[in-house]
Amino acid sequence: MMSKSNLKLFQEQFVGFINDDASSNDLLKDILPAGRIPNSREALEVHQNGYIARLTEALGETFEGTWFIMGDELFFSICEEYIKENKSILYNLSDYGENFPSFLKQRLDMIAIPFVQDMARFDWMFRELFHEKQHISTPLNELQRIETEPNISLILGNAVRLFSSQFSIYKFWNLRNQTDAEIKNINYESSENLLLYKQNEEIFVKELSEAQFDIISSLMSGKSVASVLEMVNSENQNDLVSVFQIFGASGIVAGFKC
Amino acid sequence: MIDGLQKQCNPGVGLRSTHFPYLERSPDTCIKWFEAVSENYMDSFGRPRLILNKIREQYPIALHGVSMNLLSTHGLNDLYLQNLKALIDDIEPFIVSDHLCWTGTKPSNIHDLLPFPYTDESLKIVCQNIDHAQNILGRNIVIENVSTYMTFKQSEFTEWDFLVEVAKRTDAKLLLDINNIYVSSHNHGFDPIKYINAIPTEIVSQVHLAGYTDMGDFLFDTHSKPVYPKVWELFRLFIEKAPNVPFMMEWDEDVPEFPIVENEVKKAIDIWENLHSKKVHNDV
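Residue numbers (numbering that gives the first Met the number 0), protein chains in the order written: chain V, 0 to 257; chain R, 0 to 283.
I should point out that these hints are in silico values taken from the structure, not numbers from a laboratory.
C-beta atoms are modelled at their ideal positions from N, C-alpha and C, and glycine is treated no differently.
Worth double-checking, as some hints may not be accurate.
Unchecked claim - Chain R residues, not near chain V, derived (Cβ > 12 Å throughout): (1) 8; (2) 196; (3) 197; (4) 227; (5) 239; (6) 244; (7) 270.
Stated by the list, open to error - Within a straight-line C-alpha distance of at most 27 Å, the following computed DSS-like cross-link-like pairs (lysine-lysine) qualify: (8) 28/V x 123/R; (9) 28/V x 105/R; (10) 132/V x 222/V; (11) 123/R x 132/V; (12) 229/R x 240/R; (13) 240/R x 53/R; (14) 265/R x 28/V; (15) 84/R x 132/V; (16) 104/V x 83/V; (17) 7/V x 123/R; (18) 7/V x 152/R; (19) 152/R x 167/R; (20) 53/R x 7/V; (21) 7/V x 105/R; (22) 224/R x 265/R; (23) 105/R x 123/R; (24) 265/R x 6/R; (25) 83/V x 105/R; (26) 224/R x 193/R; (27) 167/R x 7/V.
All chains, full assembly: derive it from the sequences and hints.
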């Protein structure tokens, strides 16, 4: 009969095989393989192969744009490497891959796509926003407090993200279901500043100018409207006006902090 | 009271995101309820959760988990249980189920329904964990048998005796996956009819149907095909004895359009009606 520690030991040996290919004779000798599976090791491989396949599928679902620009062969081989180095520790499979973008950066020599990390960052951000609850937007008439109370700070909704890259990430991402021919026409070397947000439960991505991006970043970091107004000069005055127009149209403001 | 009049056919289907656009149009369907995979909705407050809430307005929902890790030797993950409880409070499902298996050891999660030896030690651990889950969730849970690709020399119970003993000790009910019974019986050379006959019908709350893949050396539970004839035979055997038990079709890989999945459910309804509707008429 197994002692209490035996089930724990059995599970550790089983996981050791799946994660690190560490085969324990104690484990192997106790296994009776199913059907015509020739031996215990191959029976364990059913689960080992399944683990790689499931995590690769999860990465593929999250990092759609990254998969698109890398192509199947490269993406799958990088995924396998990543999975071997990064064990899944969370119960929800769709949460797997948070540090995949930085892993891609480490493999940049091999991948040879200069914007691969930024594409993966965008994929991850889009996934976060997808699962985010729709915030309640501050009504338009209340936004007028900005004019009368410049010392207040704005609270942007939880379903709002800012993304910036020196590459044309969103243009590529938008083509992720298209053919290679179409992406060849895109110049990836132009920078992008993006506002991602949810409105009426739908996700929108809006391109921003650099100045608009800086203004929204400052407001997002909790700076008061007055201190942001101090950043304004004759060159970016129009950007400020347009940012407040964006607030009105997108519903990204969810409250005020005095 | 006429016994036959109490019989009710309760067909359901697994809710899959590929069918959301179709289901949003509120089509006519023979489906009476949906089963949603708990983890797909527990931590998401986006579109999947909205659709689930919308479907819940029209249909009863069963929540079916894959990550409770009931054979965990480290106890259950309290964050998981809290998040599941919040989903349960929101959705008010008529069934909350998970699998008789383990899914990893701290800190690794393998995201698989892993096999284990059917021993006294395993029985004690799974019963402790089920008791804990039921206490936190404030309700009884339902436990599903899984397909396996290995057995263990140390096992002291048959799978069916183990399941029945778990139910007896914890008051948990069973989700009988007929496809899994067939797959495991083929893989390990036992009689699936003996398995089904060993399960008292009163402890079964739900039935699963699905299709497997023949890998040559063994059968693999892929949920990627229609139900096979031998699985239908086993379903007929069980549903004849337990007409009121809700049954449903799972399809998770290469998911076809909803009407094709629904067609499998219609086959199950036909079997049910052939067994019970005629009898009801005769009784009346």
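Subject >> Check on residue 239/R being off the interface with chain V, judged by Cβ distance over 12 Å >> reply: Residue 239/R is indeed farther than 12 Å from all Cβ atoms of chain V, at 29 Å.
**OP:** Decide if the proposed pair is consistent with the structure: residue 224/R and residue 193/R, CA atoms, cutoff 27 Å inclusive.
**Re:** holds (25 Å)
Original post:
Is residue 240/R close enough to residue 53/R, meaning Cα to Cα at most 27 Å?
Top reply: violated (34 Å)
Original post:
Is the straight-line distance between the alpha-carbon of residue 7/V and that of residue 105/R 27 Å or less?
Top reply: holds (10 Å)
**OP:** Mind checking the alpha carbons of residue 123/R and residue 132/V for me, to see if they're no more than 27 Å apart?
**Re:** Given that 27 Å is the threshold and the Cα spacing comes to 40 Å, the pair is violated.
Original post:
Holds or violated: residue 152/R with residue 167/R, Cα cutoff 27 Å?
Top reply: Given that 27 Å is the threshold and the Cα spacing comes to 25 Å, the pair holds.
Subject >> Separation of residue 244/R from chain V, once the least beta-carbon distance is taken, above 12 Å >> reply: holds (28 Å)
Original post:
Holds or violated: are the alpha carbons of residue 132/V and residue 222/V at most 27 Å from each other?
Top reply: holds (24 Å)
Subject >> Given hint residue 105/R paired with residue 28/V - CA-CA distance at most 27 Å >> reply: holds (24 Å)
**OP:** For the pair we were handed, residue 167/R and residue 7/V, check the Cα-Cα distance against 27 Å.
**Re:** holds (24 Å)
Original post:
Do the alpha carbons of residue 265/R and residue 28/V lie within 27 Å of each other, as the hint requires?
Top reply: This hinted pair is violated, its Cα atoms lying about 45 Å apart.
Original post:
Between residue 224/R and residue 265/R, does the CA-CA distance stay at or below 27 Å?
Top reply: holds (15 Å)
Consistency with the previously given hints fails for numbers 11, 13, 14 and 20, ordered from lowest to highest.
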